Amino acid sequence: MPGPGCGGSPGISLLPFWPFIDFMGGEYGNALLSRFPLQEVQVFPVPDIPKEKRDGWFESRSHLRCRLDLGGREIFTLTSHYGLSQEEIQNAVLETLRLAGETELPLIFMGDLNEKPDSPLLAPLFSVFTDSAEEMEGPGFTYPSDHPCEKIDYLFHKNGIRTLKAWIPETTHSDHRPFCARLAL
0 MPGPGCGGSP GISLLPFWPF IDFMGGEYGN ALLSRFPLQE VQVFPVPDIP KEKRDGWFES
60 RSHLRCRLDL GGREIFTLTS HYGLSQEEIQ NAVLETLRLA GETELPLIFM GDLNEKPDSP
120 LLAPLFSVFT DSAEEMEGPG FTYPSDHPCE KIDYLFHKNG IRTLKAWIPE TTHSDHRPFC
180 ARLAL
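For the sequence shown, numbering that gives the first Met the number 0 gives the first residue as 0, with consecutive numbering after it.
Be aware that a few hints might be false.
What the hints assert, rightly or not - No farther apart than 27 Å at their CA atoms in a straight line, the calculated lysine-lysine pairs in the BS3-like style are these:
hint : residue 1 : residue 2
1    : K115      : K157
2    : K50       : K115
3    : K115      : K52
Unchecked claim - Distance windows between CB atoms, simulated:
hint : residue 1 : residue 2 : range
4    : F35       : V127      : 40 to 48 Å
5    : R181      : R66       : 20 to 28 Å
6    : P123      : K50       : 32 to 40 Å
7    : G25       : K115      : 22 to 30 Å
8    : R181      : P49       : 40 to 48 Å
9    : A30       : L163      : 22 to 30 Å
10   : F35       : G100      : 19 to 27 Å
11   : L69       : E169      : 23 to 31 Å
12   : P49       : C179      : 36 to 44 Å
13   : R161      : G55       : 36 to 44 Å
FYI, nobody ran anything at the bench for these hints, they're computed from the structure.
Bear in mind the structure is a predicted one, so any value in this text is a computation, not a measurement.
Yeah, the Cβ is synthetic: ideal placement off N, Cα and C, and Gly gets one too.
Start from the sequences and build out the full structure, keeping to the hints where you can.
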């Protein structure tokens, strides 16, 4: 079921949002905004690392999985924001792979993974998914938004989805620039 903060408005499907923590007077977490009807919304926690390995930046994390109806064809989306420590990222990658392996439907996985593409921690993802940035000219840097020099934000896909175009808009409305892609089934 949708989590706290869910709502809808004319022309926009239900907005699932699952908060992690209170942050600067608001909630912080995973969300999906879709023009397509949502058939199912589930939240899967990423296993926390042991308390003795947590630092001041530790936050419990999760994956938000949504099944969408694209006019008679269904796809899954998976969103996550990985933690900062190696152990947190390892746990998140394993959970991503577990969830991705549960379906043969087309799947889009997107999020801030807090690691660069050449990281050994992300290598298992690159063996299962296609990175939409492969269709982009340039390095796909998204962070920090005022002078991007790192690629840590991703839009992956598998099971019959292909990237038609990918781009990074020049904006500083967040600490990251958005990663955008036009996909096709």
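Here is how each hint holds up against the structure:
no.	hint	verdict
1	K115 - K157	20 Å, holds
2	K50 - K115	26 Å, holds
3	K115 - K52	22 Å, holds
4	F35 - V127: 40 to 48 Å	24 Å, violated
5	R181 - R66: 20 to 28 Å	21 Å, holds
6	P123 - K50: 32 to 40 Å	26 Å, violated
7	G25 - K115: 22 to 30 Å	29 Å, holds
8	R181 - P49: 40 to 48 Å	42 Å, holds
9	A30 - L163: 22 to 30 Å	24 Å, holds
10	F35 - G100: 19 to 27 Å	23 Å, holds
11	L69 - E169: 23 to 31 Å	30 Å, holds
12	P49 - C179: 36 to 44 Å	37 Å, holds
13	R161 - G55: 36 to 44 Å	41 Å, holds
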